[in-house]
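Visitor: Chain order of the listed sequences is A and B.
To convert a position in the first sequence, counted from 1, into this note's numbering, add 17.
To convert a position in the second sequence, counted from 1, into this note's numbering, add 101.
Hints were generated in silico from the structure; no laboratory data involved.
These figures come from a predicted structure and were not determined experimentally.
Treat the hints with care, since some could be wrong.
Straight-line C-alpha distance at most 25 Å; calculated SDA-like pairs for lysine to any residue [as the list claims (entries may be wrong)]:
hint: 1; chain 1: A; residue 1: 23; chain 2: B; residue 2: 116
hint: 2; chain 1: B; residue 1: 191; chain 2: A; residue 2: 60
hint: 3; chain 1: B; residue 1: 294; chain 2: A; residue 2: 159
hint: 4; chain 1: B; residue 1: 538; chain 2: A; residue 2: 83
hint: 5; chain 1: A; residue 1: 77; chain 2: B; residue 2: 530
hint: 6; chain 1: B; residue 1: 356; chain 2: A; residue 2: 150
hint: 7; chain 1: B; residue 1: 191; chain 2: A; residue 2: 39
hint: 8; chain 1: B; residue 1: 538; chain 2: A; residue 2: 65
hint: 9; chain 1: B; residue 1: 538; chain 2: A; residue 2: 243
hint: 10; chain 1: B; residue 1: 356; chain 2: A; residue 2: 172
hint: 11; chain 1: B; residue 1: 193; chain 2: A; residue 2: 48
hint: 12; chain 1: B; residue 1: 193; chain 2: A; residue 2: 156
hint: 13; chain 1: B; residue 1: 191; chain 2: A; residue 2: 156
hint: 14; chain 1: B; residue 1: 538; chain 2: A; residue 2: 223
hint: 15; chain 1: A; residue 1: 242; chain 2: A; residue 2: 293
hint: 16; chain 1: B; residue 1: 538; chain 2: A; residue 2: 74
hint: 17; chain 1: B; residue 1: 356; chain 2: B; residue 2: 307
hint: 18; chain 1: A; residue 1: 67; chain 2: B; residue 2: 530
hint: 19; chain 1: B; residue 1: 398; chain 2: A; residue 2: 243
hint: 20; chain 1: B; residue 1: 356; chain 2: A; residue 2: 156
hint: 21; chain 1: B; residue 1: 247; chain 2: A; residue 2: 59
hint: 22; chain 1: B; residue 1: 294; chain 2: A; residue 2: 157
hint: 23; chain 1: B; residue 1: 193; chain 2: A; residue 2: 60
hint: 24; chain 1: B; residue 1: 193; chain 2: A; residue 2: 150
Here is what each chain is made of, one letter per residue.
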Amino acid sequence: MTKNRKWIILFLTPGIILFIFVFLISIVLLVGTSFTNWSIGSSISFSGIKNYIYLFTKDKDFITSIFNTIKWIALQSTIHILIGVGLALILAKSKWYTSLVRTVFFIPNIISSAALGLLFLCIMNPQFGMVNNIITKIMGEQFVHNWFMNPDTAFFSVTMTWLPYAGLVTILVMAEMASISKEIYEAASIDGASSFQQDIYIVLPMMRNIIGTATILAATSMLQKLDIIIMTTGGGPGARTMNMPMYLYNTALVDNNYGLANAQGVILIILGLITLISVRKIYRMDKEH
Amino acid sequence: MKSMLKKVMALMVTLTMVFTLAACGSKTEKSDDTVSKDKPVEITYATFMVGSHVSAAAEKEVLDAFNEKYEGKIKVKVEELPSDDAYVNKMKALAAAGALPDVINGKNGLRELAIKNGQAVDIMPLVEADAEWNKYVGEGAINYSKTEDGKLYSIANQKQIVGYFYNKDMFETTGITPAKTWEEFMSNNEKLKEAGFTPLAMMTGENAWTTNLWLAAMIGTNGDEGNEFMNTNYPDSYDNDLVVNALTMVQKCLKDYTTPDAIGAIYANAANNFLQENTAMIANGPWMVPDFTDTSKAKEGLVDRVGVSLYPNDGVVAQYEIGYVLCTANKSKEEQEAALEFLKFKTGKEAQKIFLEKSGALPLTANVEISDEYKAANPLVVDLINLADEAKYGFENMDNTAHSSVIEEFSLNYPELVYGGITPEEMASKLTQAANKHKEQ
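From just these sequences and the hints, can you work out the full model?
Guide: Here you go:
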């Protein structure tokens, strides 16, 4: 065992060095500079928890960005997962359309987010967009609506650019479902369980961990969403579609306030950890079936 | 033996992985490497005037001309960024690292960042020492960019005179002429709308350029007080009647007198709407004139149907661009000299002439003559120059006078203003808050 330990340490060393120099040092610097006044060209000075007090007491747009981020995490962890798992259950029946639907449904996941944002800008354009044109044809009269910029529909429109596209969730669940022994299905059939009952009482409980993993991936992706928001609304109108990454980007690159931006980064990381722990608890991922 | 071989191989694999990580890091070239008696001195320059940018052809011609003139002595390494926004964001990141290119365009606060991080060079002594360069840059451009303590950190390469273009056919059909007052302007918009035309090509995305030109004009022609406000750099407050009244007018224009896609639109959308004759007017500068004859962008013969006008109350945006900054404070003598030669060329006679002919950018002084052939081929530019001489109010635009955080606030809040989410007073307050963000913590 001692002999093996040496080899283990030796092979882990490059990964650990990479983690320390790329991630750990960056996080330490991030946390440290979040307690400073720091902008381009000025010297860094310690300011205690002033940045955090400012963010939570005076910066209404930051509070809005937190709530928007939490809303998107909640939506992505529920509706998005529901769509992905539901489709996986349907496609797992191996019908003639399984491969086609799986491939088509996965396409939005392989297009770059920036390109997807541009695509939706065109689809939802108030003048020549496909959505307004279809509604015009159905209603029989000219329908003009600015989906991304109207305050009533901005949040909904931005959400639609990622919420339904659960191809990754479907693929992950289907891969896990393929490992379920056929004998379990046969036993359930013999006991009189319908296809629906088998999905609910046998398949889903067995998919707990993979669904939990997919939920973590989906939820934490909302903590990184920046490119689609930049391409579509920029966080507007007002702060209606502003999320934490977008607000952090503006604070760092528009306002040039790195101390404040890093404080936002720390809060973002804390939110991510809370999300991770919560999902693991809900899905009881540390417990066996 | 086998065990020893295994250990050696494992060690070699580990070392290979570690050295691969080190090799993945960026190489920092010593500045001595760019200077050698045998090789040309290499300098760096970043530009956003590429691709479909109105000045892309002019920029390329200037860069080619410089490389040809200085072949073997100086080589310009150009970094191309695909848009104004991408350029500004990249330069801000480089400014934070103290790694700006040797020459940059100092727009949108980049000049101030270069000064703050110590890379910008005071070029006042250099301009004063070169009579030829001084002659083509002129006192106007120098005084515009000079700091209070007499230092000069940027030099423009073009003068900006901005009014608005209008579709003469649409105006004639509607029975109107370019408005002399803002009341007449709003009345003209209503008449155009009743005649079945969309009056204005506006935009609220990016820097809300065409919309903010109207806003600047509404404020800048509102008496001496308004004119002073629009000639003040980085005002601390927008909470005043001048701004609120102007925002009220802009709100009406965005609601009733522009295209459905104006809210959230970028420059390309607004320009396209005018060039495709979807709208009757667009506020923009003479650099747009070449587009009127470009059939890949504009309807056939549009140039013959376009007129140019001052803003109501005889106002015109009259300013110099922020211009180019020499960021070689910490570089070797050879690199500083090479970059200075590039800056002189970029802002000198030949470059100003190329930019005039290829992109309609006006030269800094009358010493760069506008040829009779150019005047005959570009009557709109000549009209604008003549009109500007008669203007009562000259003022700057929002991009030059406002903090970048304020420009961002315009873009975010115009949609709220249009859809009734906020009032003009509330928007003015938000602009004030944005202007004071850096003071608040």
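Visitor: Please go over all the hints and tell whether each is borne out by the structure.
Guide: Here's how the hints hold up against the structure:
Among the hinted pairs, residue 23 of chain A with residue 116 of chain B is consistent with the structure: their alpha-carbon atoms are about 15 Å apart, no more than 25 Å. With a C-alpha separation of about 21 Å, the suggested pair residue 191 of chain B and residue 60 of chain A falls inside the 25 Å cut-off, and the hint holds. Distance hint between residue 294 of chain B and residue 159 of chain A is fulfilled; the C-alpha atoms sit about 17 Å from each other, no more than 25 Å. Between the alpha carbons of residue 538 of chain B and residue 83 of chain A the distance comes to roughly 19 Å, so the proposed pair stays at or under 25 Å and holds.
Among the hinted pairs, residue 77 of chain A with residue 530 of chain B is consistent with the structure: their alpha-carbon atoms are about 14 Å apart, no more than 25 Å. Between residue 356 of chain B and residue 150 of chain A the alpha-carbon distance is near 21 Å, which keeps this suggested pair within the 25 Å criterion. At most 25 Å may separate the alpha-carbon atoms for a hinted pair to count; residue 191 of chain B and residue 39 of chain A meet this at roughly 21 Å. Of the supplied pair hints, the one linking residue 538 of chain B and residue 65 of chain A holds, its CA atoms being roughly 19 Å apart against a limit of 25 Å.
For the proposed pair residue 538 of chain B and residue 243 of chain A, the alpha carbon gap of about 22 Å is at most 25 Å, so the pair holds. The hinted pair formed by residue 356 of chain B and residue 172 of chain A meets the criterion: a straight-line CA distance of about 21 Å does not exceed 25 Å. Between residue 193 of chain B and residue 48 of chain A the CA atoms are separated by roughly 22 Å; this keeps the pair inside 25 Å, and the hint holds. With a C-alpha separation of about 49 Å, the suggested pairing of residue 193 of chain B with residue 156 of chain A is violated against the 25 Å cut-off.
About 46 Å separates the Cα atoms of residue 191 of chain B and residue 156 of chain A, which puts this hinted pair outside 25 Å; it is violated. Between the alpha carbons of residue 538 of chain B and residue 223 of chain A the distance comes to roughly 52 Å, so the proposed pair goes past 25 Å and is violated. As the CA atoms of residue 242 of chain A and residue 293 of chain A are separated by approximately 17 Å, the hinted pair is consistent with the 25 Å bound. Restraint check for residue 538 of chain B and residue 74 of chain A: satisfied, since their Cα atoms lie roughly 14 Å apart, inside the 25 Å limit.
Annotation: proposed proximity of residue 356 of chain B to residue 307 of chain B holds, straight-line Cα distance about 19 Å (limit 25 Å). Under the criterion of a C-alpha separation no larger than 25 Å, the hint pairing residue 67 of chain A with residue 530 of chain B is consistent with the structure, at around 23 Å. A distance of roughly 31 Å separates the Cα atoms of residue 398 of chain B and residue 243 of chain A; the hinted pair therefore is violated under the 25 Å criterion. Under the criterion of a C-alpha separation no larger than 25 Å, the hint pairing residue 356 of chain B with residue 156 of chain A is consistent with the structure, at around 24 Å.
Note on residue 247 of chain B and residue 59 of chain A: the hinted pairing holds, with a Cα-Cα distance of about 22 Å set against a maximum of 25 Å. Distance restraint check for residue 294 of chain B and residue 157 of chain A: the Cα-Cα separation of roughly 23 Å lies within the 25 Å cut-off, and the hinted pair is therefore satisfied. For the given pair, residue 193 of chain B sits about 17 Å from residue 60 of chain A by alpha-carbon distance, which is consistent with the 25 Å threshold. For the suggested pair residue 193 of chain B and residue 150 of chain A, the alpha carbons sit about 41 Å apart, so the restraint of at most 25 Å is broken.
Of the numbered hints stated above, those contradicted by the structure are hints 12, 13, 14, 19, 24, listed in ascending order.
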